[in-house]
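Novice: Listed below, chain by chain, are the residues.
Number of protein chains: 2
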Amino acid sequence: MKTILILGAGKSSTFLIDYLADSCEQKDRRLLLADIEISQAEAKLQGKKNTEARYFNSEDPQSRRELIQEADLVISMLPAFMHPLVARDCLELGKHFFSASYESDAMREMKKEIEEKGLFFLNECGLDPGIDHMSAMKIIDSAHEKGEEILSFKSYCGGLLAPESEDNPWKYKFTWNPRNVVLAGQGTSRYIEKGELKFIPYHQLFSRTEEFQFPGLGKYEGYPNRDSLSYRKVYGLENIPTLLRGTLRRSGFCKAWNIFVLLGMTDDSFQMELPEGSTYRHFLNAFLPWSETLSVEEKLAEIIPNLDFETFEKLQWLGFFEARKLPKCSGSPAQILQAILEKDWSLSREDKDMIVMRHVFEIQTAKGVKKLHSSLAYIGQDSVYTAMAKTVGLPLAIAVDMFLEEKIKLSGLHIPVLKEIYEPILTALEDFGIQFEEYEE
Amino acid sequence: MKTILILGAGKSSTFLIDYLADSCEQKDRRLLLADIEISQAEAKLQGKKNTEARYFNSEDPQSRRELIQEADLVISMLPAFMHPLVARDCLELGKHFFSASYESDAMREMKKEIEEKGLFFLNECGLDPGIDHMSAMKIIDSAHEKGEEILSFKSYCGGLLAPESEDNPWKYKFTWNPRNVVLAGQGTSRYIEKGELKFIPYHQLFSRTEEFQFPGLGKYEGYPNRDSLSYRKVYGLENIPTLLRGTLRRSGFCKAWNIFVLLGMTDDSFQMELPEGSTYRHFLNAFLPWSETLSVEEKLAEIIPNLDFETFEKLQWLGFFEARKLPKCSGSPAQILQAILEKDWSLSREDKDMIVMRHVFEIQTAKGVKKLHSSLAYIGQDSVYTAMAKTVGLPLAIAVDMFLEEKIKLSGLHIPVLKEIYEPILTALEDFGIQFEEYEE
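Residue numbers (my numbering), protein chains in the order written: chain G, 7 to 447; chain E, 7 to 447.
Watch out, some of these pointers could steer you wrong.
Which copy is meant is left open, because identical chains are indistinguishable; a pair holds if it fits in one copy or across any two.
[What the hints assert, rightly or not] Computed cross-link-like contacts, BS3-like style, restricted to lysine-lysine with a CA-CA straight-line distance of at most 27 Å:
no. : residue 1 : residue 2
1   : K144      : K33
2   : K261      : K305
3   : K144      : K177
4   : K200      : K334
5   : K261      : K415
6   : K123      : K373
7   : K225      : K305
8   : K152      : K123
9   : K33       : K413
10  : K55       : K334
Hints listed in this document are in silico derivations from the structure and should not be mistaken for laboratory results.
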């Protein structure tokens, strides 16, 4: 009997746990679910057969190793900085390792040892990274098998609201880690277009968007992610003239978000100490020049080129022009902004989130250049059973299941770009309605 | 006989060395000048009486301590990160310490020990920091003695070109460390105006300038330095409604420099790898969107709001629109930009630099609010005997001289904001023509 260990029973583990706990009822395996809140772990397991909740404190290496020793295979759903520590334990104790997070340099340093010990370590097997790799590689491999050449590959993904839950002017709420949303895009974004290397600094990023139409859903816009260039190697497209990966938002979001960026409100590098009792309006005014005669609204219009009513309204809806008291007066600008947004951008119980992904390929075929769109739009059930948790957790759960079933027979350090990994997982995801629709232009 | 040790015989030490070496010919003291290039140290001492050049490798702590052991007083002209190490040696060996650099946190941690040992450690005794503190504190103390209140203090300083040497459209060349010029202003600038805390992110900084007229010299513009708020404590002006410190540039400079900032060309956080043989035009184009139809010039005009001919001409003069080969194709954007600028912004032998400083005070007097301007404009001899080297080196040399003469009788950790320090130094600087002119508005 094989033993699966999941470290972390938080919100993002829900579907992963359900899938693997259910599998223990039918298959010869057991599941240990470890969390610092053992009651939370117990609740998620619902007393299913061959499952067991365990107390686990990630800061105690001794008990962590004892727990890992009991398992054959470990899934880390801990914060990203913990993965290399868990992976190192797995390596020493001879256990397989799975995560939905980025393959880090620390992980890559273990590559040779992983191979020598015949272990299987799989990272980036969630949504983004995860489903993006798998769905893209399916098209790339298929083209290469036909002897076709990929001329251009642009890929965008966003964690958004289902249209029916878009009840504010931003058409946005936090469906994932708010801090990551506030800091998104910082640094300089890099990609390649028609053979030209392109670099976009943070303060230009949200004004350099591309527009997309999703049938039945309306307009979205995408901005380039920080590093698209490294994906040339990941996808085996070293000489591709155009490669860009980006993030999708609802049309109009980026123009308004750009105001926060341009004013410096997303800066996380220093601490502000505003007087107690400061208001939203004070916070906004701190990023505008002093003026004897102009109002906050007028100064904003002077600093922000082409400020239109739709954009102004988004700030107004959040209360930035009001004497409303700030939820916190000290912290970095990004922390204060996050506290403001969390008040108005939190999902209510019934809100549904939505995952949208769009690959656009230009492929040189024997008959000419083909433009291929491949899209996923996936809507969640409610604010607990989110599309985000499902699309992150299911690919990982399926990968673990397939590995234990020996439908994936590999060893070494991997991300799901190999056909023998992505093909069975994509097929299994289709049973859950996670399916890409393709059309040619 | 007292022994002075100067660590570092580089360009910025010239006047410091001359002044103190001359003093050894008349006074009962000797000077050791230590540098990794002993021949350079020898050349600068010109065989003056009671002076001696020494070989010194700053990376060898043992020989550094042996050298310091020989001295009564040490002046560090080494790179800033070395100061705390030298100061720590001085503390252990019971030697006084002088520098023209910022008093660091590492230095402040030694404060109590410095006091206990009765040593004198003086930092920030150059130009900026240095002369700025001294000239400002003279006015502040004078107002306070008269029972007047300082309502507003804005202070700007710039290392620029003498008007007669302004032979390019930027009216600028490097008269100091080029890397610091390229990276100047990064982070978020903070100041207070009419009681309102103000924050300006880097990408707004060069468009939020104030204009100044210098009689006989023409128009200059200033942008706020990174942290003005901490100077409220330094100057004993904790409750001042307006305090701003800034950097001066020639009128029009900031608008053009802002293009580099807005495009991301001053980013030092990642490495670009452009193909060998890339041109200035390629470098510029890497920061502009791809377009099938628009030229580099047209794309620039789309990205940069209100691009005027004077600004365009500055970029053109540097060769950015030409197929001229880049001096280097890999490095951070800031490093590549610096290499470009060093080709065209280097001082020729006869070029003269100029230091400009301007304090503007608003003071509540018995008769009403007085607006007081205090200005320094100081022109160098040539590209070796620069105004920058002189205004940095002389205050430090004078401070050392006065301390040895017991005209400054202090112990502890200081910057030159005390009357007993700044008064004799400012008086001595006047003999060199380094003198502020005041006028009331």
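Novice: Now tell me if each hint is right for this structure.
Specialist: Tested hints:
1. K144 <-> K33: neither (29 Å within a copy, 84 Å between copies)
2. K261 <-> K305: Both. Shortest intra-copy (18 Å) and inter-copy (20 Å) distances satisfy the 27 Å Cα cut-off.
3. K144 <-> K177: Classified as neither; 32 Å inside a copy, 57 Å across copies.
4. K200 <-> K334: Classified as between; 23 Å across copies, 47 Å inside a copy.
5. K261 <-> K415: neither (47 Å within a copy, 61 Å between copies)
6. K123 <-> K373: neither (48 Å within a copy, 86 Å between copies)
7. K225 <-> K305: between (31 Å within a copy, 26 Å between copies)
8. K152 <-> K123: Neither, since 36 Å and 81 Å both go past 27 Å.
9. K33 <-> K413: within (14 Å within a copy, 90 Å between copies)
10. K55 <-> K334: neither (47 Å within a copy, 65 Å between copies)
Hints 1, 3, 5, 6, 8 and 10 from the earlier list are contradicted by this structure; the remaining hints agree with it.
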